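Chemist: Listed below are the residues making up each chain.
Number of protein chains: 2
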Amino acid sequence: MADAAATAPVTAALLVIGDEILSGRTKDRNIGYIADYLTAIGIDLKEVRVVPDEEDEIVAAVNALRQRYTYLFTTGGIGPTHDDITADSVAKAFGVPIDEDPRAIAMLLERIRPEDLNAARRRMARIPHGAELVANSVSKAPGFWIGNVIVMAGVPAIMQAMLDEVAPKLKTGVKMQSVSIRADAKEGDIAIPLGEIAKAHPDVIIGSYPFNDERGFNTNVVVRARDEAKLRAAQAAVEAMLAAWHGRAA
Amino acid sequence: MADAAATAPVTAALLVIGDEILSGRTKDRNIGYIADYLTAIGIDLKEVRVVPDEEDEIVAAVNALRQRYTYLFTTGGIGPTHDDITADSVAKAFGVPIDEDPRAIAMLLERIRPEDLNAARRRMARIPHGAELVANSVSKAPGFWIGNVIVMAGVPAIMQAMLDEVAPKLKTGVKMQSVSIRADAKEGDIAIPLGEIAKAHPDVIIGSYPFNDERGFNTNVVVRARDEAKLRAAQAAVEAMLAAWHGRAA
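Top line first, the protein sequences correspond to chains A and B. UniProt numbering puts the last residue of the first sequence at 250; the count rises by one with no breaks. UniProt numbering puts the last residue of the second sequence at 250; the count rises by one with no breaks.
Hints are computed from structural coordinates only; laboratory data are not their basis. Predicted, not measured: the structure shown is a model, and the values here were computed from it. You may find that some hints are simply not true.
Chain copies aren't distinguished; within one or between two, either way the pair holds.
Straight line, CA to CA, 35 Å or less: simulated DSBU-like cross-link-like pairs of lysine-lysine [as the list claims (entries may be wrong)]:
| no. | residue 1 | residue 2 |
| --- | --- | --- |
| 1 | K199 | K230 |
| 2 | K140 | K186 |
| 3 | K186 | K230 |
| 4 | K171 | K186 |
| 5 | K140 | K199 |
| 6 | K230 | K92 |
| 7 | K140 | K27 |
| 8 | K92 | K27 |
| 9 | K186 | K92 |
| 10 | K92 | K169 |
| 11 | K27 | K230 |
| 12 | K27 | K186 |
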């Protein structure tokens, strides 16, 4: 059991909170960044949801996602305004009280003059009971970590700083290895043999991604696996298949 | 009832299907485009999910989302390769059979020579029973529309062509009007009066979006409403509040 746990994949979901993403007003730049980041450190991002600034929606999504994955990351809704309801919603999802946290007030005072620390800005220090703070090196107002849920800002530069802050403390799995092979063939030309290779290499994930450039339609075949030997075996099979298709020696 | 139905908001969810988005390999460009597009035609995008190329995940998400919203749009997973399982998953979600559709074969033959229409490419003509096809002016392989679910390609140019194809047939609501007001104040400076205005204008959505430029931290206040008079009243209240805060005459 200990070995199985040690090699089990570490998974995550991301919950993006904000009307502005759903209306199109703001274009999300966090999903792709977090996907890259987690992949690089050996955590599998398995699901993303975007929900509006509505308490019921946030509570339901937090509870659905935190129960399914090792970690749930959230972005957005932790500023000082009336539409920033993430902290209160997460407290409600966990069924814990939420109050002004003296540690968070101290962080805010590193940047904000005491006379400017009005009631709105003090809202940024509301932290659910039992949560650890996540430091914000950019603008000081902290995120927090409660249970397996990590609550971060929506502003990309701040979110990125918070992710750097929590990353060393995250449990990570065996890293997914990946190799991309340019097919110089259309997706439909090689789909059948590629599907056969995928079936013959069940522990390897084989993806096929069409693109086109000045020379026309083409395909990248991406082979992914946690086990290096299995990755190389599948890669060799794909390369041999492509060589045969192009009429070259394998 | 007829009047209520005519003015009820028309809602939508978007389901993005693809391992490549979750691994970070491909950066999604469809969420923001579809959010803008639906907002412009009077459909409220209420939720987005991103799931991997796994049948159980796709079926569960399709069934959860199609029951909650007027429309569900999906992107990705309708190509010719083994990892393109969206059509089969949607058929399963609806509990209907799926077969090669002669109308879809005819569309494919507009572009693909008969001798190149191999078994893989024929997979792109697999359409759930009862679905209408969505023409693809870019590369011919169609999407489809079944119940309230509209299945589109993941490649942005193709998805955009399909959206243009279905848009005239969609039910749309009263369009959300929106005005953006540059505050020339930090979010925390105006958060309390802004929250009071939001409370006093319950049919108006007021969002506060911090940004920073060469002059430092600043805020855009976005006021949104379906009713023009209510929008203008809230806008006037925000502008008066900002004028007072800046010490100018309202």
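Chemist: Look at each hint and say if it fits the structure.
Modeler: Right, here's what the structure says about each hint:
Taking the closest pair of Cα atoms, K199 and K230 come within 35 Å of each other only inside a single copy of the chain (13 Å); across copies the shortest separation is 59 Å, beyond that limit. For the homomeric pair K140 and K186, the shortest alpha-carbon distance between copies (15 Å) is at most 35 Å, but the shortest distance inside one copy (50 Å) is not. Taking identical chains as interchangeable, the C-alpha atoms of K186 and K230 lie at most 35 Å apart only when both belong to the same chain, with a minimum of 25 Å there against 54 Å between chains. Taking identical chains as interchangeable, the C-alpha atoms of K171 and K186 are never at most 35 Å apart, the minima being 40 Å within one chain and 37 Å between chains.
Within a single copy, K140 and K199 get their C-alpha atoms only as close as 50 Å, which misses the 35 Å cut-off; across copies the closest is 28 Å, which meets it. With identical chains, the CA atoms of K230 and K92 are at most 35 Å apart between copies only, with a shortest distance of 32 Å across copies and 45 Å within one. For a Cα distance limit of 35 Å, the shortest separation of K140 from K27 qualifies both inside one copy, at 24 Å, and across copies, at 29 Å. Taking the shortest Cα distances, K92 and K27 sit within 35 Å of each other both inside one copy (28 Å) and across copies (33 Å).
In the homo-oligomer, the alpha carbons of K186 and K92 lie at most 35 Å apart only across protomers (28 Å), although the nearest pairing inside one protomer, at 51 Å, exceeds that limit. Taking the shortest Cα distances, K92 and K169 sit within 35 Å of each other inside one copy (25 Å), while across copies they are farther apart (41 Å). For the homomeric pair K27 and K230, the shortest alpha-carbon distance between copies (27 Å) is at most 35 Å, but the shortest distance inside one copy (38 Å) is not. Taking CA atoms no more than 35 Å apart as the test, K27 paired with K186 passes in both settings, with 31 Å inside one copy and 21 Å between copies.
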